[in-house]
Amino acid sequence: AQSVTQLDSQVPVFEEAPVELRCNYSSSVSVYLFWYVQYPNQGLQLLLKYLSGSTLVKGINGFEAEFNKSQTSFHLRKPSVHISDTAEYFCAVSDMRGTASKLTFGTGTRLQVTL
Amino acid sequence: DTGVSQNPRHKITKRGQNVTFRCDPISEHNRLYWYRQTLGQGPEFLTYFQNEAQLEKSRLLSDRFSAERPKGSFSTLEIQRTEQGDSAMYLCASSNSGGPRETQYFGPGTRLLVL
Numbered sequence: 001a002q003s004v005t006q007l008d009s010q011v012p013v014f015e016e017a018p019v020e021l022r023c024n025y026s027s028s029v030s031v032y033l034f035w036y037v038q039y040p041n042q043g044l045q046l047l048l049k050y051l052s053g054s055t056l057v058k059g060i061n062g063f064e065a066e067f068n069k070s071q072t073s074f075h076l077r078k079p080s081v082h083i084s085d086t087a088e089y090f091c092a093v094s095d096m097r098g099t100a101s102k103l104t105f106g107t108g109t110r111l112q113v114t115l
Numbered sequence: 116d117t118g119v120s121q122n123p124r125h126k127i128t129k130r131g132q133n134v135t136f137r138c139d140p141i142s143e144h145n146r147l148y149w150y151r152q153t154l155g156q157g158p159e160f161l162t163y164f165q166n167e168a169q170l171e172k173s174r175l176l177s178d179r180f181s182a183e184r185p186k187g188s189f190s191t192l193e194i195q196r197t198e199q200g201d202s203a204m205y206l207c208a209s210s211n212s213g214g215p216r217e218t219q220y221f222g223p224g225t226r227l228l229v230l
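First to last, the protein sequences are chains A and B.
Those letters in the first sequence? Residues 1 to 115, per this note's numbering, in order.
Those letters in the second sequence? Residues 116 to 230, per this note's numbering, in order.
Here chain B stands alone, though its shape is the one from the complex:
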């Protein structure tokens, strides 16, 4: 079990640029979640996938955000035309199915700074 990995760990970009983050879940996990954590706040749910299907998106996920999980394995989160308000830690979590026994395992996060 190598855990959930996220790349890059840090990203600095200028306002208006596009950025893409990658999440590699634990290999046998079929669910994958994205959360955003701003300074001094807890993580907030953005979206989740069951295999390759994106089943739910939060209202926090504006049109500039898009997430994919093309083969039901790794996932990417892209932010277009970044704004300073996008600066945050982006966390990925994976789990094996849903229901009460589900435990989400979190990656170390990607910290984004938009200048």
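Just chain A, with the same shape it has in the complex:
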């Protein structure tokens, strides 16, 4: 079984400032890693995913994440946020071994960008 921990439930940040949203996971097997974003009244949208290879993954909207196997982390970063980045962000994992790519999500981090 896997679990995902997002320690920060809310992250307030000023526009144009950098941001890091933290994600740690626990698993007895190798996993794929994902970040999803959920805007109000909308479904989840994939930001980026790590499957293998380079540990730095670039996604949409200027976001990137770095996989750190020794620390079992997959933190999300953006060098300069915009008001439109205000949303809920979810980190998720899926089991590499399974036939289904069912996702295990963290509890989410609410990013609040203000002027």
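For the record, the hints were derived by calculation from the structure and aren't laboratory data.
Some hints could be false.
What the simulated footprint calls covered on chain B by chain A, stretch by stretch (three residues with Cβ under 8 Å from a Cβ of chain A suffice, anywhere in the stretch; the number is not a length) [unchecked claim]:
id: 1; stretch: 150 to 163
id: 2; stretch: 221 to 230
Just a sample of chain B residues kept apart from chain A, beta carbon distances all over 10 Å, derived [stated by the list, open to error]:
id: 3; residue: Asn122
id: 4; residue: Lys126
id: 5; residue: Asp139
id: 6; residue: Asp178
id: 7; residue: Thr191
Yeah, the Cβ is synthetic: ideal placement off N, Cα and C, and Gly gets one too.
Place chain B on chain A using the hints.
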């Protein structure tokens, strides 16, 4: 690509009533997933279909829950004898096959409130 659609978007019902939700996946997608998201939590996996076959069910899916995907296209999720604890957002996602390249596309969800 019209995306994943879910109906209704909101449902209010009284305890003990039955409710049914519908999910229309992206047309060429053969996999369909159901997740449940309660307030302040990330989505939790409920079940998934490969074409019309239901291949896995979570222990969260009690006997009161049933899901179908009769022709491998749209899916329905029915909850019988609803309880207040069933109040949640029910999310549907679809994808094209499994494996590491799979990306799940989420619908906007159906928000259920059981009074």
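We went through each hint and held it up to the structure:
1. 150 to 163: holds (count 8)
2. 221 to 230: This one holds; 4 residues, not fewer than the three required, reach chain A with a Cβ under 8 Å.
3. Asn122: holds (13 Å)
4. Lys126: holds (15 Å)
5. Asp139: Check passes; 13 Å lies beyond 10 Å.
6. Asp178: Answer for B/Asp178: holds, closest chain A Cβ roughly 21 Å.
7. Thr191: It holds; B/Thr191 is separated from chain A by about 18 Å at its closest Cβ, greater than 10 Å.
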